[in-house]
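Asker: Residues per chain are reported as follows:
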Amino acid sequence: MAANSPPTPIPGVNRRNFLLGAGVVGAGALIAGCTGNESSDDSTGSANVGQAAGDNAQPGKEVTIGFSAPAADHGWIAAITKNAKAQAGQYEDVKLEATEGTNDVNQQISQVQTLIDRGVGVLVILPFDGAALTDIGKQSMAKGIPVVNLDRIFTSPLAYRTWIGGDNFGMGVSAGNYIAAYLKQKGVSNPVIVEIAGIDNLPLTQQRSAGFKQSLEANGLKVTARQAAEFTVDSGQRVAANLLQANPKIDALWNQDDDQGLGVLAAIDQAGRDEFLMVGGAGSKNAFNDIKADNKVLKATVLYSPSMSSSAISLARLIGQNKGMGDLVEHEVPASITTFSAVVTKENVDTYMPLGFES
Amino acid sequence: MSEKAPTAAGQPPADEHARVEAGASAAGAARPRFALFGRAIEVRNFGLLLVLVILAVIGAATAPDTFLRTNNVLNILQTASVIGVVTVGMTFVIIGGGIDLSVGALVALAGVWCTTVATQDFGALGMLFTALVVGAAAGLVNGVLIAYGGLVPFIVTLAMLVGARGLAEQISNRQSQIVRVREITDIAAQKIIGIPALVWILAVVVAIGWVVLNRTTFGRRTFAIGGNPEAARLAGINVRRHTMLLYVLSGLCCGIAALMLVARTNTGAASAGSLYELDAIAAVIIGGTLLTGGRGSLVGSVLGVLVFTTITNIFVLNNLSTPVQNIAKGAIIIAAVLLQRRTSGAPGRIRAT
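Chain order of the listed sequences is Y and B.
The working numbering puts the last residue of the first sequence at 359; the count rises by one with no breaks.
The working numbering puts the last residue of the second sequence at 353; the count rises by one with no breaks.
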């Protein structure tokens, strides 16, 4: 700005401009340097990859896999895409064509259409909305391109060759059984059990809640209070802060998502509460670290691991090469695979650590 | 209640200061300033206070052993504080005849930027500095494009909404950045004279905002520009520069709110502050500010935020499901606006601008 100009008849204004200009430039330089995010103790960045075993490890026919998923706006979906790419990189006979993730179903449909037009061998699709992408899945199958439907299921089996996904209902069951066993062991009568769900109008949220409710019922327990957050840290904080006020004494809390769990834990910390057991959901690296450190109310989390994306790529490769799965007798890949929702606690957290995703 | 009335009446006030002051006062009669302040509280926001009281009664009746407990009231205030600070900036922008759709994204961007590993190395002050500068700078971009680029605020801030959130995702690599600086995370748990620090921050921001809006030339110019930019320009106000500053102010408020949210969640995340723009705009409108600008109340906006937060709190205390919550929220927004308009007796006000 006025930095290099000689003194003018109005020095006051000039000096002010000079100082302002220098300040702005200085602040800009300082701030711009602050986008660095490399942590010195960052030993992670690893994705889940698995090795093919037996005959399936031998390179076979070259397979081009088209991959489409929602926008990586949170850690889990980000891990899905990262895992798919890493797993594809493991095989020398796989070529991955991944599209940029989008949360607009219209956009995703056209991306899948593009992949079909480009003539990929197999499609791996995690639809933003299963119902909306079902038609394009059917078209792809009709054209002879097998579809591996990842996690969010299409409304018609005609739309996919194989479905692989997590067990939302099973997550609720695992969490419910774990909490019931804990309360039984502690001998609490009439316990206050609180649930913080994810986005309420998603079927996956409803399934998780149904599983939780039913497994508690089977143990003669029930959910005292249930509120839905939005899978985001700040919504988790907001809902938990209110819920803690609504329930002055809690015995157990299940939070369906570890990412929103960061906010839930912050609210618990701020309210100074530690009288209850908290169980998480999904299995993020942060949750694993907390469980391992054992210094917060979070003592366990039930898995919904994005490693399923690595498996989906492996399945797509086998389908493309007309192979079956090693240990199974069938000559073909099964039509449906549901991953198991294991409970990760302090005892077994180390074995699961590599599966933890950065949320 | 038209602010143009006094000037049109052929008796132009000596300066825009007097003109706007006259416009803000209903009859245009000379009143002592404190009386004007009293009026602002009593009449303009009476409807909202009534809504709050009704909500409190509902809360106390449906959750008798929890709603009125000190901790719960403080929790409501604390939850309101983040969005409250955003709403202060939004009130200025809307009174000035604009709109800022980018606030939620700016909260996310400033929150992410001030929690990067590199920024956290500079400690609490570095984070504070970064949050404020990032917020203000993004606001400056909005302001320059709108005021000097001649672009429509709706479009510019919509673009910023998309762009800023994208940048936040880019910087954070779409991951939640955990805060390790204790001074920052302690803010959320800290209390001063029994009141949480976050609530104090809101109080200070609102107090400063109120003084600036109602007691300085800057505030009067804001009303003037929102009411009639052309008249304001002819009155000698630098409309462009002022408009630009309004967006900088809004951005700055987002920076403050971002740091508060970071303190509250111990995390900087690109998903933070989603739909804050709608919450803030709704609170401002419920608070009696005209969406077309030129007329508005900061106290009303804050009451609007409190109405929203109290509603949510009551829902959670009663363990209502999300669909029921959403239906009721929609109905309550309309009811609040209707009640607010009726009690301040102002169908005529709508015609004013």
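No lab work stands behind these hints: they were computed from the structure.
From the three backbone atoms N, C-alpha and C, an ideal C-beta is built for every residue, glycine too.
Please note that the accuracy of each hint is not assured.
[To be verified] Keeping only pairs whose Cα atoms sit at most 16 angstroms apart, straight-line, the calculated EDC-like set for lysine to aspartate or glutamate is: (1) Lys191(B) to Asp269(Y); (2) Lys249(Y) to Asp65(B); (3) Lys249(Y) to Glu275(Y); (4) Lys299(Y) to Asp327(Y).
[Claimed, not checked] Okay, the calculated beta carbon distance ranges per label pair: (5) Thr70(B) to Gln207(Y): 21 to 31 angstroms; (6) Glu275(Y) to Tyr148(B): 51 to 61 angstroms; (7) Leu202(Y) to Gly330(B): 12 to 22 angstroms; (8) Gly149(B) to Asp93(Y): 46 to 56 angstroms; (9) Phe154(B) to Ala57(Y): 28 to 38 angstroms; (10) Val211(B) to Lys292(Y): 22 to 32 angstroms; (11) Asn322(Y) to Pro323(B): 39 to 49 angstroms; (12) Glu330(Y) to Arg180(B): 49 to 59 angstroms; (13) Asn326(B) to Gly119(Y): 21 to 31 angstroms; (14) Ala271(Y) to Lys329(B): 20 to 30 angstroms; (15) Arg180(B) to Ala271(Y): 15 to 25 angstroms; (16) Ala210(Y) to Leu68(B): 30 to 40 angstroms.
Asker: If a hint holds in the structure, say so; if it does not, say that too.
Answerer: Outcome of the hint check:
Simply put, Lys191(B) and Asp269(Y) have alpha-carbon atoms about 14 angstroms apart, close enough for the 16 angstroms limit, and the pair holds. About 13 angstroms separates the Cα atoms of Lys249(Y) and Asp65(B), which keeps this hinted pair within 16 angstroms; it holds. Restraint check for Lys249(Y) and Glu275(Y): the C-alpha separation of about 7 angstroms stays at or below 16 angstroms, so the hint holds. For the hint pairing Lys299(Y) with Asp327(Y), the CA-to-CA distance comes to about 35 angstroms; that exceeds 16 angstroms, so the pair is violated.
With their beta carbons about 39 angstroms apart, Thr70(B) and Gln207(Y) fall outside the hinted range of 21 to 31 angstroms. Between Glu275(Y) and Tyr148(B) the CB atoms are about 58 angstroms apart, so this pair conforms to the stated range of 51 to 61 angstroms. One distance hint, 12 to 22 angstroms for the beta-carbon pair Leu202(Y) and Gly330(B), holds here, with the actual separation near 21 angstroms. Roughly 53 angstroms separates the CB atoms of Gly149(B) and Asp93(Y), a value that falls within the hinted 46 to 56 angstroms.
Between Phe154(B) and Ala57(Y) the Cβ separation comes to about 57 angstroms, which falls outside the hinted range of 28 to 38 angstroms. Checked against the hint of 22 to 32 angstroms, the C-beta distance between Val211(B) and Lys292(Y) comes to roughly 51 angstroms, which is inconsistent with it. About 47 angstroms separates the C-beta atoms of Asn322(Y) and Pro323(B), a value consistent with the hinted range of 39 to 49 angstroms. In this structure the hint that Glu330(Y) and Arg180(B) lie 49 to 59 angstroms apart at CB holds, the actual value being about 50 angstroms.
Look at Asn326(B) against Gly119(Y): about 45 angstroms separates their beta carbons, and that is not inside 21 to 31 angstroms. For Ala271(Y) paired with Lys329(B), a C-beta distance near 25 angstroms keeps the hint of 20 to 30 angstroms intact. A hinted range of 15 to 25 angstroms for the beta carbons of Arg180(B) and Ala271(Y) is consistent with their spacing of about 21 angstroms. Between Ala210(Y) and Leu68(B) the C-beta distance comes to about 35 angstroms, which sits within the given range of 30 to 40 angstroms.
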